[in-house]
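Given the coordinates of chain L, work out where chain Y should sit on it, guided by the hints.
Heads up: the protein sequence lines correspond to chains L and Y, in order. Residue numbers for the first sequence follow the working numbering, beginning at 176 and rising by one. Residue numbers for the second sequence follow the working numbering, beginning at 176 and rising by one.
In short, the hints are calculated from the structure, not lab data. Because the structure is a prediction, the values reported are computed rather than measured. One or more hints might be untrue.
One copy or any two copies: either way a pair holds, since identical chains are not told apart in the list.
Result set (DSBU-like, lysine-lysine): computed pairs, CA atoms no more than 30 Å apart in a straight line [said to hold, decoys possible]:
#1 LYS580 <-> LYS524
#2 LYS336 <-> LYS266
#3 LYS271 <-> LYS484
#4 LYS271 <-> LYS580
#5 LYS274 <-> LYS258
#6 LYS383 <-> LYS524
#7 LYS296 <-> LYS285
#8 LYS263 <-> LYS248
2 protein chains.
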Amino acid sequence: MPHELDQILISHKQPDFRNRLGKFLDSKLGLSHFGVGAPNRHTVEEILDKFVENENRVAELLAEYTWTFDKVKLTPEQFRIRKEELEKAHKEIDRKLLKSIRQAIENVRKYQTEIFIGNFKHPGIRYTPIKRVGICVPGASAPLPSTVIMCAIPAQVAGVKEIVVVSPPRYEGSIHPVTLAVCHELGIDEVYRIGGTQAIAALTFGNKTIKEVDKIVGPGNQWVQTAKQLVFGTVGIDSIAGPSEVLIIANEKANPAWVAADMLSQAEHNPGCAFVFSTSQKVAGNVLEELKKQVEQISRNKETIACLKVHSGIAVFANMDDLIKEVNEFTAEHLEIQCGEQSREIAEKIENAGAIFIGDYSPVAVGDYWAGPSHTLPTGISAKFFSPLSANDFIKSTSIIEYDKEKLAVCAEDIIRLAEIEGLDAHAKSIRIRQED
Amino acid sequence: MPHELDQILISHKQPDFRNRLGKFLDSKLGLSHFGVGAPNRHTVEEILDKFVENENRVAELLAEYTWTFDKVKLTPEQFRIRKEELEKAHKEIDRKLLKSIRQAIENVRKYQTEIFIGNFKHPGIRYTPIKRVGICVPGASAPLPSTVIMCAIPAQVAGVKEIVVVSPPRYEGSIHPVTLAVCHELGIDEVYRIGGTQAIAALTFGNKTIKEVDKIVGPGNQWVQTAKQLVFGTVGIDSIAGPSEVLIIANEKANPAWVAADMLSQAEHNPGCAFVFSTSQKVAGNVLEELKKQVEQISRNKETIACLKVHSGIAVFANMDDLIKEVNEFTAEHLEIQCGEQSREIAEKIENAGAIFIGDYSPVAVGDYWAGPSHTLPTGISAKFFSPLSANDFIKSTSIIEYDKEKLAVCAEDIIRLAEIEGLDAHAKSIRIRQED
Numbered sequence: 176m177p178h179e180l181d182q183i184l185i186s187h188k189q190p191d192f193r194n195r196l197g198k199f200l201d202s203k204l205g206l207s208h209f210g211v212g213a214p215n216r217h218t219v220e221e222i223l224d225k226f227v228e229n230e231n232r233v234a235e236l237l238a239e240y241t242w243t244f245d246k247v248k249l250t251p252e253q254f255r256i257r258k259e260e261l262e263k264a265h266k267e268i269d270r271k272l273l274k275s276i277r278q279a280i281e282n283v284r285k286y287q288t289e290i291f292i293g294n295f296k297h298p299g300i301r302y303t304p305i306k307r308v309g310i311c312v313p314g315a316s317a318p319l320p321s322t323v324i325m326c327a328i329p330a331q332v333a334g335v336k337e338i339v340v341v342s343p344p345r346y347e348g349s350i351h352p353v354t355l356a357v358c359h360e361l362g363i364d365e366v367y368r369i370g371g372t373q374a375i376a377a378l379t380f381g382n383k384t385i386k387e388v389d390k391i392v393g394p395g396n397q398w399v400q401t402a403k404q405l406v407f408g409t410v411g412i413d414s415i416a417g418p419s420e421v422l423i424i425a426n427e428k429a430n431p432a433w434v435a436a437d438m439l440s441q442a443e444h445n446p447g448c449a450f451v452f453s454t455s456q457k458v459a460g461n462v463l464e465e466l467k468k469q470v471e472q473i474s475r476n477k478e479t480i481a482c483l484k485v486h487s488g489i490a491v492f493a494n495m496d497d498l499i500k501e502v503n504e505f506t507a508e509h510l511e512i513q514c515g516e517q518s519r520e521i522a523e524k525i526e527n528a529g530a531i532f533i534g535d536y537s538p539v540a541v542g543d544y545w546a547g548p549s550h551t552l553p554t555g556i557s558a559k560f561f562s563p564l565s566a567n568d569f570i571k572s573t574s575i576i577e578y579d580k581e582k583l584a585v586c587a588e589d590i591i592r593l594a595e596i597e598g599l600d601a602h603a604k605s606i607r608i609r610q611e612d
Numbered sequence: 176m177p178h179e180l181d182q183i184l185i186s187h188k189q190p191d192f193r194n195r196l197g198k199f200l201d202s203k204l205g206l207s208h209f210g211v212g213a214p215n216r217h218t219v220e221e222i223l224d225k226f227v228e229n230e231n232r233v234a235e236l237l238a239e240y241t242w243t244f245d246k247v248k249l250t251p252e253q254f255r256i257r258k259e260e261l262e263k264a265h266k267e268i269d270r271k272l273l274k275s276i277r278q279a280i281e282n283v284r285k286y287q288t289e290i291f292i293g294n295f296k297h298p299g300i301r302y303t304p305i306k307r308v309g310i311c312v313p314g315a316s317a318p319l320p321s322t323v324i325m326c327a328i329p330a331q332v333a334g335v336k337e338i339v340v341v342s343p344p345r346y347e348g349s350i351h352p353v354t355l356a357v358c359h360e361l362g363i364d365e366v367y368r369i370g371g372t373q374a375i376a377a378l379t380f381g382n383k384t385i386k387e388v389d390k391i392v393g394p395g396n397q398w399v400q401t402a403k404q405l406v407f408g409t410v411g412i413d414s415i416a417g418p419s420e421v422l423i424i425a426n427e428k429a430n431p432a433w434v435a436a437d438m439l440s441q442a443e444h445n446p447g448c449a450f451v452f453s454t455s456q457k458v459a460g461n462v463l464e465e466l467k468k469q470v471e472q473i474s475r476n477k478e479t480i481a482c483l484k485v486h487s488g489i490a491v492f493a494n495m496d497d498l499i500k501e502v503n504e505f506t507a508e509h510l511e512i513q514c515g516e517q518s519r520e521i522a523e524k525i526e527n528a529g530a531i532f533i534g535d536y537s538p539v540a541v542g543d544y545w546a547g548p549s550h551t552l553p554t555g556i557s558a559k560f561f562s563p564l565s566a567n568d569f570i571k572s573t574s575i576i577e578y579d580k581e582k583l584a585v586c587a588e589d590i591i592r593l594a595e596i597e598g599l600d601a602h603a604k605s606i607r608i609r610q611e612d
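Just chain L, same shape as in the assembly:
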């Protein structure tokens, strides 16, 4: 009997391969593309405008939108999580879990410190930390403590003095205690139970309830991401993120069961996209069979199957060169390479990807929680220009220029010539006047 997932297996040689992949690429693009996939852009704009136009009514607006979107009634003094609530959450967290969290924190801090470029020394440039940063932590009924770790530690490594965490009140009208415990563990005491566009508005424009920040980072749904796009430039923004995706390169050495498990771990994000590119028809077929088997064992299998059918695929290629070409076009957020000892060599040829997971024992979950690099990664095709969030996103540079009398005299005529051709006479005069004494 045919299985409803059978349709996701396609061949590179099939005439509809480019259509299928093209359609997927379109949907990837659509998720971030201006004017497409952002049906609520004008609604988001209206909310932001309300905050700009009613700067004395910010607390009321926050309460109003929190009721509309999160169905929670809050008074102004309830937005900020009280110190006692943070302490209590930390005190009551499962000790084994806290131990795991502490090791994850150590791993992330080590990696971020090692890749930090803020100590770069050159007389013509100086790096300084951004002063005040807002972190968006998604808040479904389950907590996302890993997002606090993956966003706040890079900021701390960079030397950010003030870190603010916002998360919607989706867990019993507050934020899940594990998320609060992680904030407390990291010494973050400015935590607000607000989310969505209204949180971005409050962080951007500032008010009596929350002081404005200099940069906003972190994941979120379309209400958060569209708002982040619209306030870019008024504050700093890390990147605009869409649904999470994985692309797995699997040659004949790949273990089909593991490949299928990794596809499912992405699809469970719902929406999440999981693609496999393989040079082996046999492996591709086996991955599909494993997928059918394993999908039955996970909790929300109906939604996951739907997600796999729409946003996923297993594609077979004639050879690795063709495959790699498509991978670079695809520009995956997460790219797994399960190709035995060939994996590293393939990784060298990848031009565009958010994160590359090399070999059989590096599933995406290792990066999500543990290895060190942030799990806040560029989605869609944005790894063509965005980078994973890192400590380097929390500094800014200042150029330093210092000329003395002799040095300026040598180049004065050149500068005057360049200024005059641009019609900027006063620029030329500012050089000339210093040659007169």
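Same frame as chain L, but now just chain Y:
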């Protein structure tokens, strides 16, 4: 007889100082602030939407908007500057000017190479150049060849393979030959005579006329900047720039004539903002007198006086500590420090500025054309989170994660615990399945 510029001299102690400065800061903010200072945002959105919705009519739309905004009639084959036109411009450029341009290019290339971090080595991160980049070059009747130098060389140092230059056809229906000559000198042969929102739309969404780019950088008016804000995330964007500004710190050692000359060189940008913060009432007064005298000698003095009256000021502070505090709040694009041998020490205390010009012989013009750092700098208060454009803006990083069987076994239980607390069962399963063999 009182001079109309007298009003720009204010004291830190005057009750209206904070109002004056506050008003200025508001206007700085307003220039970049969402919903304020962007009266044409919806018009810009409509233009962008037109390009998204009419992907087969892009050439027509470009022609239509070029006629509307630039009053130039172009056919589709005229958008791109022909190779012969680039060669001719280069052949005919004044030889002395070319020599100055070549030295400027060498200075910029040296600096950008020295501060480039793309060769950073760490097993967990890899930097790669962005593949295709668009550079916006403003095109009034005067050419801005320096913008080509300041944007294209950082891209070349980073290893960008495809560089596209766009500039509006404001010089005899084309682009000024000096700008074209600089493009040719730098080996850039993809140059289009288009500007404004329509150029951003074409570069972002791509079409038969121009292939889409991965990142757009460079200065421009509100039509360009607002469009850049709205397409952020669909493509990479460097920053959102408003009018240019200088803030000059002048103590009793400053030369009032030079300070005034530097204010004028900023004000001639029209709009441009020029502020002086001084600890000396005497110097402040002398700067004002110099300003009145020198403004008479520059070409467009009426506009410059208007600009100085609205967007500029000379403020006197009781002491240097108070002054520096305000400087860090002000967050200048260009910050000059003309305080004799104290200049360097003051520079150390600056937290927020796009570029710092230390000492009497470092006017802004040195940075605009010559010293090495890009003159594309964060304006408004955005130096709190944006950096000067540099070679580091033309790379993106990929995280690299590689675990083996033993390494994964050690942390498997931790990762499973962290995944399960987030309710992500399939994530946990992707680890567990690898522990079973």
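A quick look at each hint next to the structure:
In the homo-oligomer, the alpha carbons of LYS580 and LYS524 lie at most 30 Å apart only across protomers (24 Å), although the nearest pairing inside one protomer, at 50 Å, exceeds that limit. In the homo-oligomer, the alpha carbons of LYS336 and LYS266 lie at most 30 Å apart inside one protomer (25 Å), although the nearest pairing across protomers, at 54 Å, exceeds that limit. In the homo-oligomer, the alpha carbons of LYS271 and LYS484 never lie at most 30 Å apart, since the shortest distance is 38 Å inside one protomer and 65 Å across protomers. Proximity of LYS271 to LYS580 under the C-alpha cut-off of 30 Å is restricted to the inter-copy arrangement: shortest distance 23 Å between copies versus 65 Å within a copy.
Proximity of LYS274 and LYS258 under a CA criterion of 30 Å is satisfied intra-copy only: 22 Å inside one chain copy versus 65 Å between copies. Only between protomers do LYS383 and LYS524 lie at most 30 Å apart by alpha-carbon distance; the minimum there is 29 Å, versus 51 Å within a single protomer. In this assembly of identical chains, LYS296 and LYS285 lie within 30 Å of each other by CA distance both inside one copy and across copies; the values are 21 Å within and 15 Å between. Taking the closest pair of Cα atoms, LYS263 and LYS248 come within 30 Å of each other only inside a single copy of the chain (23 Å); across copies the shortest separation is 70 Å, beyond that limit.
Hint compliance for this structure: hint 3 alone is broken.
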